[in-house]
Amino acid sequence: MQIKPLYDRIVLSPEKNKSQTESGLMLPEAVQEKSQIAKVVAVGEGGTFDGKESKIQVKIGDRVLYNRFAGTEIKLDGEEFIIIRQTDILAII
Amino acid sequence: MQIKPLYDRIVLSPEKNKSQTESGLMLPEAVQEKSQIAKVVAVGEGGTFDGKESKIQVKIGDRVLYNRFAGTEIKLDGEEFIIIRQTDILAII
Amino acid sequence: MQIKPLYDRIVLSPEKNKSQTESGLMLPEAVQEKSQIAKVVAVGEGGTFDGKESKIQVKIGDRVLYNRFAGTEIKLDGEEFIIIRQTDILAII
Amino acid sequence: MQIKPLYDRIVLSPEKNKSQTESGLMLPEAVQEKSQIAKVVAVGEGGTFDGKESKIQVKIGDRVLYNRFAGTEIKLDGEEFIIIRQTDILAII
Amino acid sequence: MQIKPLYDRIVLSPEKNKSQTESGLMLPEAVQEKSQIAKVVAVGEGGTFDGKESKIQVKIGDRVLYNRFAGTEIKLDGEEFIIIRQTDILAII
Amino acid sequence: MQIKPLYDRIVLSPEKNKSQTESGLMLPEAVQEKSQIAKVVAVGEGGTFDGKESKIQVKIGDRVLYNRFAGTEIKLDGEEFIIIRQTDILAII
Amino acid sequence: MQIKPLYDRIVLSPEKNKSQTESGLMLPEAVQEKSQIAKVVAVGEGGTFDGKESKIQVKIGDRVLYNRFAGTEIKLDGEEFIIIRQTDILAII
Chain A
792 MQIKPLYDRI VLSPEKNKSQ TESGLMLPEA VQEKSQIAKV VAVGEGGTFD GKESKIQVKI
852 GDRVLYNRFA GTEIKLDGEE FIIIRQTDIL AII
Chain B
792 MQIKPLYDRI VLSPEKNKSQ TESGLMLPEA VQEKSQIAKV VAVGEGGTFD GKESKIQVKI
852 GDRVLYNRFA GTEIKLDGEE FIIIRQTDIL AII
Chain C
792 MQIKPLYDRI VLSPEKNKSQ TESGLMLPEA VQEKSQIAKV VAVGEGGTFD GKESKIQVKI
852 GDRVLYNRFA GTEIKLDGEE FIIIRQTDIL AII
Chain D
792 MQIKPLYDRI VLSPEKNKSQ TESGLMLPEA VQEKSQIAKV VAVGEGGTFD GKESKIQVKI
852 GDRVLYNRFA GTEIKLDGEE FIIIRQTDIL AII
Chain E
792 MQIKPLYDRI VLSPEKNKSQ TESGLMLPEA VQEKSQIAKV VAVGEGGTFD GKESKIQVKI
852 GDRVLYNRFA GTEIKLDGEE FIIIRQTDIL AII
Chain F
792 MQIKPLYDRI VLSPEKNKSQ TESGLMLPEA VQEKSQIAKV VAVGEGGTFD GKESKIQVKI
852 GDRVLYNRFA GTEIKLDGEE FIIIRQTDIL AII
Chain G
792 MQIKPLYDRI VLSPEKNKSQ TESGLMLPEA VQEKSQIAKV VAVGEGGTFD GKESKIQVKI
852 GDRVLYNRFA GTEIKLDGEE FIIIRQTDIL AII
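Chains as they are written, first to last, in this note's numbering: chain A, 792 to 884; chain B, 792 to 884; chain C, 792 to 884; chain D, 792 to 884; chain E, 792 to 884; chain F, 792 to 884; chain G, 792 to 884.
One chain only, chain A, in its complex shape (with noise of 0.2 Å):
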């Protein structure tokens, strides 16, 4: 993919409409209002930036849950993208 995020960024490929994964990963209603899937498709490199740093731990291909009312939407050859920080994604599942 032709994007590479700054620091901590992490470039999402949002799975939507789903409220069952194929692992068994259900989302309840409630936590769908909040978190959504998303497959990892670009990461930042870390580094150190305005006195903070940041170590990855997620890689692309990764499919993780994450804080939906984070991130910015992007469009790509007319897929929808969200950049988002690593510390709005709460687990790889």
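None of these hints come from the bench; they were simulated from the model.
A virtual CB, placed ideally from N, CA and C, is assigned to each residue, including glycine.
Some hints here could point you the wrong way.
[As the list claims (entries may be wrong)] Here chain B is said to cover these stretches of chain A; the calculated rule only asks that three of the stretch's residues, wherever they fall, bring their Cβ under 8 Å from a Cβ of chain B:
| hint | stretch |
| --- | --- |
| 1 | 836 to 845 |
| 2 | 848 to 858 |
| 3 | 872 to 881 |
Given the coordinates of chain A, assemble chains B, C, D, E, F and G onto it according to the supplied hints.
Relative to chain A, chains B, C, D, E, F and G alone:
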């Protein structure tokens, strides 16, 4: 379990509707309103996120007392779990 | 005791309804309203949580003066305890 | 270019009125309202300012996606530029 | 003295109703309203608490000028003391 | 010059009523309202103040773009100067 | 002088009612309202207090420009002094 929480996040399986534990720990009503007992089912690896470092002191299988107003509920194979920051866990009991 | 508090948390057994201690320390009313005396029954191991490091200066058996508006009450085998941050303990007395 | 920004500041030459980039990245309207594409024309050297350290991850010639509400506009030889903190740059595209 | 304050806390024995000290230091009324003179009777050992390190610069016997709105009053064998943070002590006089 | 600013402070001699600089940099009106050009006449040595470290990146003689709402005006031998924090200087121009 | 300020505190002897200094520095009225000139009569030794480190850059005898809204007034042998944080001193003049 197929969930790997990031940073200092811990996945808990809450013990509901128990006012007394096997080891004899009893939560008074005032405590039940704000704390709860759970078993640890997955732990983050700590690390450095956005300028902050965390080291993990709980392990899978620990029974913990946690702040019930913290964390995010998820459902997996019909069972409910909580993803919580280690800072919201008070003690291993 | 079967409770192991995390990070800088300390478990206290409060001495209630005592306005004077054996060692002669007497708490004036204004102090009793905001401070209290207790015995330490369990201590966290300190460590690094969310970017902050703590080292523990109290040990089991110490009698301490603490901020009574801090901490969480729990009950074990009918006895009441307080889980408190070490930063809310003023002194070993 | 004769501008040398201090610390983590970056000088950008914004690409205006483009809703689609050469590499195929298209910004949806909602994004255009808060993000914008620009070319990097000068970079600070990072360093330590007022207790904070920064290391620079962009270089002259990079095309970046940035937060359009951040930064200060200047005009040089009739051309407009933006001076922005590196923390307000989302990604190299 | 049987009190051992934690971290950067200092136990003071305040000199009340003195507007002039033996060494000739005189506190104007405006100062008396917010500062006061006391003798140091016990000192914490400093250390690292919740991410912060402190080193102690006062010792038992020092006479100090402190911020009278800071600290907690206690009574020991009928005598009044103040437990205060070292950061609220202005100077050794 | 007989002024030695402390820490990261810089003394500037502002260039007033100039909307275009010799090097061709022109400040649009919107910028003139919040930024201004000046020559550096004295620099602090950086160092560590109250937990923060600063290293200095400007030198005497540099012409800089700075945030005009920052700093303190002083007058020396009839000439006006600004004492400003290095963090409020955007770029060397 | 018999005062030893703690940490980064500095004791100043203010020069009152002077709008022009011997070295030719003149404070405009707007500055006089918020800054003032004084001589340094005692300096703290810096150190580490509550997680912050300070190193001292002024010495006894220095004449300084300081923020007049900062600090605490004290009186010694009939003479008035100011105890101020080094961070509120702008420059040695």
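For each hint, the structure was consulted:
1. 836 to 845: holds (count 4)
2. 848 to 858: n = 3 at 8 Å, threshold three: holds.
3. 872 to 881: holds (count 5)
Hint violations for this structure: none, all hints satisfied.
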